[in-house]
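Residues per chain, in single letters:
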Amino acid sequence: MSKRKTVIAEESLVTLLKNKDQRGFSILYDNYSAALYGVIIKIVRSEEVAADVMQDAFVKIWKNIEGYDTSKGALFTWILNVARNTAIDKLRSQEFQNTQRNQDLDAHIHVIDSQGGSELEVDAMGLSKVVEQLKPEQKQVIDLLYFKGYTQEEVSKEYGIPLGTVKTRVKAAITFLRKYIK
Amino acid sequence: MNIQAYIESGILESYVLGHTNANETVEVENLAKQYPLIEEEINAIRHSLEMYASQFACQPPVELKERVLHVLDDLATEDAEATSNIIFVPSSNNSFRYAAVWVLLAMSLVANVVLFYRWQTSSDQVLALESEKQQLAATKANYQQQLALVEHPSTEKIILQGQTIAPQAKAVVYWNTQTQEVLLSTLHLPQPSATQQYQLWAIVEGKPIDAGLIDTLDSPSLMKSFQQAMAFAISLEPKGGSSTATGPKGQIYVMGFVKHI
Chain S
1 MSKRKTVIAE ESLVTLLKNK DQRGFSILYD NYSAALYGVI IKIVRSEEVA
51 ADVMQDAFVK IWKNIEGYDT SKGALFTWIL NVARNTAIDK LRSQEFQNTQ
101 RNQDLDAHIH VIDSQGGSEL EVDAMGLSKV VEQLKPEQKQ VIDLLYFKGY
151 TQEEVSKEYG IPLGTVKTRV KAAITFLRKY IK
Chain F
1 MNIQAYIESG ILESYVLGHT NANETVEVEN LAKQYPLIEE EINAIRHSLE
51 MYASQFACQP PVELKERVLH VLDDLATEDA EATSNIIFVP SSNNSFRYAA
101 VWVLLAMSLV ANVVLFYRWQ TSSDQVLALE SEKQQLAATK ANYQQQLALV
151 EHPSTEKIIL QGQTIAPQAK AVVYWNTQTQ EVLLSTLHLP QPSATQQYQL
201 WAIVEGKPID AGLIDTLDSP SLMKSFQQAM AFAISLEPKG GSSTATGPKG
251 QIYVMGFVKH I
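Protein chains in written order, with our numbering: chain S, 1 to 182; chain F, 1 to 261.
Calculated directly from the structure, the hints in this document are not laboratory data.
Source: prediction; values computed, not measured.
A couple of the hints might just be wrong.
[As the list claims (entries may be wrong)] Cross-link-like lysine-lysine pairs, in silico, DSSO-like; alpha carbons within 27 Å at most: (1) S/K18 - F/K65; (2) F/K65 - S/K60; (3) F/K249 - S/K148.
Using the sequences and the accompanying hints, generate a full structural model.
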């Protein structure tokens, strides 16, 4: 995870990116690709599709970096949103749903692989213990919201959980994460 | 504003996850500016979710970096080409968009020209119709006036018969003895030469009085009014006619007497 990270002030990195300087994108990739890829693969559940989504996400970042406003939030927040939205869009696209019907087995293998790979990273980051302690029903709700792009209302409808309960679980999960994640 | 209730409503989580609509987003952002507690809550939710997401981090295949950077490199090249040729050659990256813009612009121009032309033509046509309408209205008024004159009980119909020079010639004078109007009609006369013109005369107390020049043989026309007359006659005169003082210079073509005299 930390093998090729470049230490650079976020401000300088943003300047490089806004100038469409290739060095900036190389640093961005080195520093954040693992985090982005992890989220993407968790959403699309296929390495092949994840690579495409990753490429699309970087193209979007390249094209829209002018519009990124440092005062509105951290660079990571922004690029993570771009990657997550690109992946969720892909997940919901007809094309994707059609190909996945035939590749269900492949997808399962990939998921097992990538989950196996990610656990090492989790340990490295010292977060796994915290996440493990998250109650399954809280983790489920967070995963649906974050990785499936469901709204709280959709989670309530699809899983037959009262909306109030969904909200309480989200709150509890976030309160819990807040307490342990700095 | 109950900030706690607002925080509890779950809208901040929806906001961070990008599930709020445009109005809600603006609302949340405004409130965040107003209430530090809300801003803090948003940051905490965001941070927690990001950290949660980060725990799934995993290294992408090594070759993916090269592939992604290569695509960005292509974009940069296209961008540079587009910038250097910005005036005439659209970048291939945005070529569709540029092409669409040009096509739409061209279509719009053509449409404008066509519409302007049509508008102008229509406008001309409206003017022509308007003028035609006015002419028709005038003609109608004219005919009505003539009909009223012809049908008037005090109107005499005097048939002017062809004289020796043109025995077949004929004309009709309608003379309203009350209003004194004179209408000349039904002109069957040989076409005059370009230097000549027919002139109507009223014979008053034995003397020919100028009753007006005849501009056309094709339609009836009102002539000068007369209080009294014993006969009407038409002579062929040099262009511009002759005065009462000199009397008709040319030959009389048709003549008719008023009956009641």
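Exercise. Could you tell me which of the hints above the structure violates, numbers in ascending order?
Key: Hint check: 3 fails alone, others pass.
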